[in-house]
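J.: Construct all of the structure, not just a fragment, from the sequences and the given hints.
Just so you know, the sequences run in chain order F and B. Per full-length UniProt numbering, residue 1 is the first one in the first sequence, and the count goes up by one each step. Per full-length UniProt numbering, residue 1 is the first one in the second sequence, and the count goes up by one each step.
I should point out that these hints are in silico values taken from the structure, not numbers from a laboratory. All the given hints hold, so there is nothing to weed out.
Short, incomplete list of chain F residues facing chain B, as computed with Cβ under 7 angstroms:
hint : residue
1    : T154
2    : L158
3    : V163
4    : N167
5    : L243
6    : S247
7    : F250
8    : V266
9    : Q270
10   : V273
11   : I287
If you anchor each label on the Cβ, the simulated ranges turn out as follows:
hint : chain 1 : residue 1 : chain 2 : residue 2 : range
12   : B       : E154      : F       : E33       : 51 to 61 angstroms
13   : F       : A206      : B       : R7        : 33 to 43 angstroms
14   : F       : L62       : B       : R7        : 49 to 59 angstroms
15   : B       : G236      : F       : L49       : 25 to 35 angstroms
16   : B       : I49       : F       : V148      : 30 to 40 angstroms
17   : B       : N68       : F       : R147      : 21 to 31 angstroms
Far from chain B by the CB rule (all over 10 angstroms, computed), these chain F residues:
hint : residue
18   : L118
19   : E200
20   : F305
In this text, a Cβ means the ideal position worked out from N, Cα and C, and glycines have one as well.
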Amino acid sequence: MPDNTNSDVSPVPTRTSGPEKRTRVEREFTVAERSQAQLVLRRFLQHKLAVGSLIVLILIILLAFVGGWLWKYGVEDLTGDHSQPPSWEHPFGTDAIGHDSFAQVLRGTQISIGIAVLVALFATIVGTIWGAVAGFYRGWVDTVLMRVADLVLTLPLLAVAAVLGHNTQGTWWLIAVVIAGLYWAYVSRVARGVVLSLREKEFIEAAKALGATDARIIFRHLVPNALGSVIVNATVLVAIAILIETSLSFLGFGVRPPDTSLGLLVSQNQTAVSTRPWLFYFPGLFIILIALTINFIGDGLRDAFDPQQTKVRA
Amino acid sequence: MLAYSLRRLLISVPIFIASTFVVFLMAALSGNPLNRLLAISPPPPPQTIEAERVRLHLDQPIFERYWNWLTGLFRGDFGPSVESTMDIGNEVMSRYLVTLRLVLLAMLLALILAIIAGVVSAVKQYSGIDYTFTFIGFLFLAMPTFWFAILLKEAGISFNNAVGEQVLFTIGDSSVYVAGGAWDKVLDTAGHMVLPTISLALLSFAAWSRFQRAAMLEVLNSDYVRLARAKGLRRGQVMRKHALRTALIPLTTVTALDLGSIISGAVVTETVFQWQGAGTFLLEAIRKDDVYSIMAWLVISATVIIVLNLVADLLYGVLDPRIRYA
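T.: Printed below as a string of structure tokens:
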């Protein structure tokens with residue numbers, strides 16, 4: 001059965017690592033010792049779709065951040081080629097006034113990924129601490145913290161983000177703060193649930209019996225064990241944040257010109273869909289590709305962290 | 001059951017007050033409704049500005065403004081709009097009817113498709129059709145509403161060109177003038193609804209079909225389904241009466257939780273198809289810093305969500321005898 005059971009309890013050797021006599025003396029049988037992180041990594045690497053997605057995502061990120069910097073045209077450069085279809089000179093074509101669409105999509109990808117990662121980071125940190133504290137202390141602390149989280153959860157996300165985003169003047173990190181400010185509550189719910197079940201486990205009781213302080217229990221026992229769920233959640237959150245940010249920018253309450261995001265590019269080029277389709281399709285495909293790969297990676301991570309839920313074995 | 005629903009209804013009252021208060025604060029503090037008036041050049045006389053300030057209750061402290069707004073709601077008064085000629089109550093109601101048509105139909109379509117896809121995927125696990133539905137699910141999960149909606153709009157135009165007459169409409173929620181009788185009106189509205197409904201439905205379908213598949217798989221692997229088969233019940237009967245019915249309970253929960261995001265999705269869909277619905281009403285209100293219009297949208301949305309949650313509660317009772325007889 002799963003590898004998370006202690007291997008020295010199992011009656012048969014799971015893996016023999018050669019006929020070294022020395023180890024045989026110390027133990028009944030030899031097993032390769034693996035840390036939790038190694039197990040997770042091994043399981044993740046077996047998830048082919050997730051590994052493939054990770055490679056594609058890394059390539060997109062490199063393309064956006066390194067490629068965008070190296071590419072011969074900047075976002076605001078007017079190239080003199082108007083409404084050109086894709087070519088070697090302009091891989092994604094040009095728009096009516098001569099902007100290079102490739103440069104714009106790369107810049108949009110930078111901004112969209114930047115916002116999404118920032119959202120995931122903010123929401124995960126705040127939400128995890130919030131939920132962990134609530135779950136660990138229970139009682140009135142839990143009640144107060146979770147009622148606040150519930151309140152945030154009842155707010156209609158897109159509407160409130162639009163109200164607040166309307167006055168951010170398109171500053172990209174402020175938009176990230178607004179979206180994270182509405183999303184941390186989801187994370188806190190998950191974190192609380194995990195902590196609530198963990199705190200009843202025997203090893204926490206043992207730590208308490210040994211006289212460990214609250215801080216030690218939280219940071220040495222609860223956080224590492226809750227890390228799996230938190231990481232999976234943060235990954236999926238990046239994909240959700242990309243979709244929210246692009247929707248917000250599309251509606252005109254997110255990133256604004258002269259800066260650009262993938263959602264804004266789609267919005268600006270929606271009338272060009274039949275006449276100059278390259279302007280419309282490329283930014284959209286980038287959104288889908290980013291969100292899709294992140295979802296697959298999240299799936300792979302979920303399987304890797306929680307071997308009981310899946311048939312994939314390390 | 002009734003007591004449970006009533007209790008939930010009562011709990012939603014303080015939640016409603018707290019969340020409207022938060023949104024009111026954010027909307028009122030984040031923008032100045034007088035900006036447009038102040039931006040006019042030559043500037044209007046100070047008396048005009050002062051009169052507008054009083055009309056929009058901007059001279060009152062924020063807590064008093066909220067209190068007056070809240071108590072006004074019970075009298076059916078949604079407060080003054082930046083547009084002095086607009087009655088917010090009438091406007092938001094008529095706009096919301098248009099949106100509700102879209103939202104409810106899209107939900108229905110998404111649920112039917114999700115149940116079919118989820119059940120087929122679960123029954124034929126790891127088959128070609130399962131992988132196909134899984135791929136479609138993941139694809140739509142990653143697809144932004146607006147991009148897909150524009151694509152559908154384009155497809156609708158090509159379809160019309162191929163047929164040679166305007167069957168599917170891509171702009172507006174209905175034609176301004178329709179010749180003929182009531183039947184032509186219905187046809188016209190239906191023609192306007194097809195594309196937005198599909199675009200809104202397919203995005204919820206993605207997540208829901210995944211949920212339905214997982215729920216169905218869990219039920220199919222449970223002991224009572226095996227027992228039902230073992231005692232000789234027909235496969236179809238087991239699927240319908242034993243498995244599917246239980247597997248619908250998680251979907252009901254998810255659907256109720258997703259209501260907010262469907263209404264958000266409708267905002268985007270309406271923008272793309274240029275509907276005069278509640279979504280575009282909200283966006284106009286935000287652009288004009290029209291606090292009371294934003295609040296009106298919020299109140300109606302909250303009411304819709306609360307009512308649909310009650311429907312979900314009743315459905316639990318239908319699906320789960322333990323709840324019905326508790």
